[in-house]
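Using the hints, position chain X against chain Y.
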Amino acid sequence: MNEFLQVEGVTKRFGSRFALKDVGFSIHHGEVLGLIGPNGAGKTTLLECLAGLMSADAEVIRSAQQVLTHSALKDTLFYLPDAIVPWGEQTVKWALGFFEGLYGTPKQKLSDLLAPLRLAEILKSRIDSLSKGERKRTVLALGLLTPHPLLLLDEPFDGLDLRQTREVMALLKSEARNNRTLLLSIHQLADAGRVCDRLVLLSAGKVVAEGTLPELQARANLPDAGVEEIFLALT
Amino acid sequence: MSYLPLLAKEWRELWASRSFWLLLLMIGPLVGHGFITAVGLYAEASGIGRGPAALPQGLTPLDGMLAPAFGAYDLAATFLLPFVVIRTIAAEKQSGGLKLLLQLPGNLSSKIFAKVLVLTGGWLVTLAPGVIAIVLWKLYGGHLYAPETLNLLFGHLLRMLLSAGLALAAAAIAENAASAAIVTLGITVGTWALEYVAAYRGGFLQQLASYTPTAALRNFEQGLLRTTTMIAMLVISVAGFALATIWLHTGRTWRYRAAGTALVLLAASLFLLGASRARASWDLSENRRNSFSRADEAALRQINQPLRVTVVLAPEDPRLADYEQNVLRKLRRVLPQLDVDYVASGRTGLFEKPEDHYGEIWYEMGGQKIMERSTIEEVVLEQIYKLSGISAPQKLDDDAFSGYPLAARAHGAAWIFYAIWPLAIAFAWWLVRR
Numbered sequence: 001m002n003e004f005l006q007v008e009g010v011t012k013r014f015g016s017r018f019a020l021k022d023v024g025f026s027i028h029h030g031e032v033l034g035l036i037g038p039n040g041a042g043k044t045t046l047l048e049c050l051a052g053l054m055s056a057d058a059e060v061i062r063s064a065q066q067v068l069t070h071s072a073l074k075d076t077l078f079y080l081p082d083a084i085v086p087w088g089e090q091t092v093k094w095a096l097g098f099f100e101g102l103y104g105t106p107k108q109k110l111s112d113l114l115a116p117l118r119l120a121e122i123l124k125s126r127i128d129s130l131s132k133g134e135r136k137r138t139v140l141a142l143g144l145l146t147p148h149p150l151l152l153l154d155e156p157f158d159g160l161d162l163r164q165t166r167e168v169m170a171l172l173k174s175e176a177r178n179n180r181t182l183l184l185s186i187h188q189l190a191d192a193g194r195v196c197d198r199l200v201l202l203s204a205g206k207v208v209a210e211g212t213l214p215e216l217q218a219r220a221n222l223p224d225a226g227v228e229e230i231f232l233a234l235t
Numbered sequence: 001m002s003y004l005p006l007l008a009k010e011w012r013e014l015w016a017s018r019s020f021w022l023l024l025l026m027i028g029p030l031v032g033h034g035f036i037t038a039v040g041l042y043a044e045a046s047g048i049g050r051g052p053a054a055l056p057q058g059l060t061p062l063d064g065m066l067a068p069a070f071g072a073y074d075l076a077a078t079f080l081l082p083f084v085v086i087r088t089i090a091a092e093k094q095s096g097g098l099k100l101l102l103q104l105p106g107n108l109s110s111k112i113f114a115k116v117l118v119l120t121g122g123w124l125v126t127l128a129p130g131v132i133a134i135v136l137w138k139l140y141g142g143h144l145y146a147p148e149t150l151n152l153l154f155g156h157l158l159r160m161l162l163s164a165g166l167a168l169a170a171a172a173i174a175e176n177a178a179s180a181a182i183v184t185l186g187i188t189v190g191t192w193a194l195e196y197v198a199a200y201r202g203g204f205l206q207q208l209a210s211y212t213p214t215a216a217l218r219n220f221e222q223g224l225l226r227t228t229t230m231i232a233m234l235v236i237s238v239a240g241f242a243l244a245t246i247w248l249h250t251g252r253t254w255r256y257r258a259a260g261t262a263l264v265l266l267a268a269s270l271f272l273l274g275a276s277r278a279r280a281s282w283d284l285s286e287n288r289r290n291s292f293s294r295a296d297e298a299a300l301r302q303i304n305q306p307l308r309v310t311v312v313l314a315p316e317d318p319r320l321a322d323y324e325q326n327v328l329r330k331l332r333r334v335l336p337q338l339d340v341d342y343v344a345s346g347r348t349g350l351f352e353k354p355e356d357h358y359g360e361i362w363y364e365m366g367g368q369k370i371m372e373r374s375t376i377e378e379v380v381l382e383q384i385y386k387l388s389g390i391s392a393p394q395k396l397d398d399d400a401f402s403g404y405p406l407a408a409r410a411h412g413a414a415w416i417f418y419a420i421w422p423l424a425i426a427f428a429w430w431l432v433r434r
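Protein sequence lines, in the order shown, are assigned to chains Y and X.
Position 23 of the first sequence, counted from 1, bears residue number 23 in the numbering used here, the numbering being contiguous throughout.
Position 430 of the second sequence, counted from 1, bears residue number 430 in the numbering used here, the numbering being contiguous throughout.
The shape of chain Y in the complex, shown without the other chains:
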């Protein structure tokens, strides 16, 4: 896979505490890259810094060796935060229509998302009346309606049951096959192992390892281990 973005030296401090320290990794075209780590590892902080929603103390983002500013990145990536209830008093249908109209998304795109995200049953519901899983599916749909080639998803499976998780995984894989690149922040390591092509292991604000599952297994010297065992071995 060819390189899409190179992230280098991302550092963020809150007072004397480093939330992120010299974090760097690469993102390849059309891959599902998993950002994994325990709670407090700095995953959300990293995603918000990349999206320009939080100012990093230091960071360099390159594409084809050229340094990109956040204004240039705005057309490249879109970040879907976790646990948000945007425009709570509006309906799901309105929110989807808003993004469709704003980005000029073809109607077919929304039709293709209705079934896998089970949106038809909640279209007329107010966003603040949805359950956690329903909100997650709605926000996911909003992100997938954007034209951005890179999506940053924070905990995309949080609040979903097993069947819904598998359906969303299949949808994300399908998006990746259609040349959309995805960076998923996941703290459920088993889910990460199922859906991601490559993984970035983050612990205490530092990148511990990066690579495909076989590469990480070799690194951890655990040839048949799953993501959880690899993570425990390397952190």
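Just so you know, these hints were derived from the structure itself, not from any lab.
No residue lacks a Cβ here, since even glycine has one placed at the ideal position from N, Cα and C.
Be careful, since some hints might not be right.
Only part of the chain Y face toward chain X is listed, based on derived beta-carbon distances under 7 Å [said to hold, decoys possible]: (1) M54; (2) S55; (3) F78; (4) P81; (5) V85; (6) P86.
Using the frame of chain Y, we list chain X on its own:
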């Protein structure tokens, strides 16, 4: 990117706001109370029921109906509108919608501008009770003068923008809606305190107090359109919007915010300083209360020498208020080279003693000086003509204002403002929420 979806979204969000519906609900009875009381008092002053009537020249719709009825909008802009404005930002901050909004196409200033446009549209909707009051007034047989009426509406629009600017900035800077509301109301109370202190201190404080929302609106209520007031209100509003843009973006560093804030405050101060020098103003009142007679104005415009006026009256002395109202305010509009010095300090302090020459007003032009204690327009003008060597013009009758008595009761107004309006708003709210 089409701006329309963003505008449509903001408009929809406004109509989902409980605070906006509360504003709509309350503005009807507030305007109604002002209107009904004003019409009643106007009718009594006009001699309704064969009671004693005031001089008709003193009966103007601007003072008698428009200013009292539309005074409700000043109240709304002070106490109700800030909550509507704060919600437009606070709700998105709290819900996480801000994180999506910041990533949507277009820069943040265009998104803030969309909010301002929509708030202005919402404010125009709240003008409905005011329009109803105007229609009723006409149906009762009342007179209206379009320039002074439109000037008053324009003044309230600027007042609304001022309130919106301050509230948007507070909402962007503060942690949450409650803090933003406290800051906004704190600023309002601060301006009242400034006006109170300035009334007794005069000088720079009084100049500063002339820019408070209440003082600024007073100009429009008097039928005056002053460049300095317009610019000041717009500058403060735009500064508020600019501060909101600087502070709302979560990805900005503290250095950027501090530098941006300093720049905005510096630019605003420079504009306000420039505005204070702007002299252009228009008297749009039908009775020309802010102007000398046309003949006197034509004569005074012939003076091309500077006139220095030294006033030895304390700020709290009612004679000074009379002098400002009857003479100085009109003189400033006609003589570009007018300098006024207020040399008396307040007289209400514990250790204040009467100044020598207290009560004197000195006029100086071309090396000559005249002293006059009177604050009456005709007497003062006589002194100025004497100093300038210009002969006093002949008085003409074309400036005479006959007044518009109206001995009519506010029939049906109570039903409209206290019953029909609130019910209509409640019904509309139910329809929208369904």
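Results of checking the hints against the structure:
no.	hint	verdict
1	M54	holds, 6 Å
2	S55	holds, 4 Å
3	F78	holds, 6 Å
4	P81	holds, 5 Å
5	V85	holds, 5 Å
6	P86	holds, 4 Å
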